Amino acid sequence: MTSTRVLVTGLGTTSPLGGDVESTWSGLLEGRSGVDVLKHDWAEQLSTQIAAEVAVEPGDVLDRVKARRLDRSGQLALVAALEAWADAGFGDGGDSVDSERLAVAMASGIGGVTTLLNNYDSLRDKGPRRVSPLAIPMLMPNGPAAAIGLSIGAKAGVHTPVSACASGNEAIALGIDLIRLGRADVVVVGGTEAAVHPLPMAAFGQMMALSKRNDEPALASRPWDKGRDGFVLGEGAAVLVLESEAHATARGAKVYAEASGAGVTADSHDIAQPDPAGLGATRAMKIALRESGLSAADVVHINAHATSTPQGDVAEAGAIKNALGDASGGVVLTSTKSMTGHLLGAAGALESVSVVLALHHRVVPPTINLDDPEDIGLDIATEKRDLPAEGDLAALNNSFGFGGHNVAVAFKSV
Amino acid sequence: MASKTEIQTDLATIVEEIAGVPADDVQPDKEFIGDLDVDSLSMVEIVVAAEEKFGVRIPDNDVKGLKTVGDAVDYIDKAQA
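These protein sequences, in sequence, are chains V and E.
Quick note on the working numbering: the first sequence kicks off at 1 and runs consecutively.
Quick note on the working numbering: the second sequence kicks off at 1 and runs consecutively.
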């Protein structure tokens, strides 16, 4: 394996807890829920009427003309990417990058579903002349990646991993590969999703996947709690700037953490259900550790996929115990989805931002709503929890998706 | 039916909304693509918005002839009649 170290030098998010990293991170540490009752008229017809919408309207942050040429998923992605880009020191007047050594890997689970469906409504109600000429670039899943690439001038490749709820983590895995293969010095990676729309909500509802706790929105997302009844749909975007150690060192970049390795596996078991033995998830974690040169005992924290569905949460707990063995007893586990809901294709990216900040600040955010926990035999933080103040720390972020996708990404403190 | 002056004013508002060009710059002698930096997709959006606003139909083949703002104002004025 090549020895190129990949460092995280910039972060950006727009999430249900805030319009930037600082507000999102403080919301996570405070244990604040971003879930609320939907105000849209269409919500009345649905059995689930709650979701975690983004805290800040992305179109208000962007240039107006640029915003109206992007699907909401693209708007969210661009806001988060510009924050991460500036945070890494590459913004206006900042450091420069050779554009032919700059790549983007921006994931989405579903793509521009609102644009697709709104344009279908226009076609049906008003005819083909009223379909927007921008419909295709707005609805295609790589629209957000393309918008970011255009905005920062990336010419080493602009990619869009699509692997359901593992997409955001897969983008990070791809970014690590691109740097290790020598194809880029800097890769802007992350995920975005904006699917709070009646069709996806009805469709997830038909899968019996969503919580129906409409009267208690803040209590609805409750991973590992015996009272959980499904996940809460969230929206948002999160972006990390990954950079080769040589490039980051040469410009004296601020470094949050090392993205040390990733494991990407597939269950090959079922279209939607995870392998009940969690073998694919176990392998993903083991590969991420091996690629990172870590042993199970090095891992102090895991941000679990833990969506708050009865099947998934318990299967993952088993996989963690299989992957780490006895060392799983020393791991602080959390599910940020208890606060943000499930951001689908952006989930892995937002949760990786949380892991990077947990290592950087040496504190793990809580899992909220854990009133009556399942006995999973793991240490779940229900209050924010300090990590050891000294020494090297390592953590994992898990994401699993419909289709049997499993991606674990390992990070190390620097 | 809108007068030429009204067409000019409303068209300028549409161009500002869609392409971000200040309405005051949308003058009859200005070319959409050359002077106002309106790209081809925005031009399609402007044409469709103008059709809706003025109740006219502007076939794709005729759009090619609308190089300047003045061309468009004249076309819409005639098409209204």
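The set of hints was computed from the structure by calculation and includes no laboratory data.
All values derive from a computational prediction rather than experimental measurement.
Glycine included, every Cβ here is placed at the ideal spot set by N, Cα and C.
Among these hints, one or two may not hold up.
Some but not every residue of chain V turned toward chain E, in silico, with C-beta under 10 Å [unchecked claim]: (1) LYS39; (2) VAL65; (3) ARG69; (4) ARG129; (5) PRO133; (6) PRO137; (7) MET140; (8) HIS360; (9) ARG362.
Incomplete in silico selection of chain E near chain V, CB under 8 Å [said to hold, decoys possible]: (10) ALA23; (11) LEU41; (12) VAL44; (13) GLU45; (14) VAL48; (15) ALA49.
Hints, one by one, checked against the model:
no. : hint   : in the structure
1   : LYS39  : violated, 26 Å
2   : VAL65  : holds, 3 Å
3   : ARG69  : holds, 8 Å
4   : ARG129 : holds, 6 Å
5   : PRO133 : holds, 4 Å
6   : PRO137 : holds, 8 Å
7   : MET140 : violated, 14 Å
8   : HIS360 : violated, 39 Å
9   : ARG362 : violated, 45 Å
10  : ALA23  : violated, 13 Å
11  : LEU41  : holds, 5 Å
12  : VAL44  : holds, 4 Å
13  : GLU45  : holds, 6 Å
14  : VAL48  : holds, 6 Å
15  : ALA49  : violated, 10 Å
Hints 1, 7, 8, 9, 10 and 15 from the list above are not met by this structure, while the remaining hints are.
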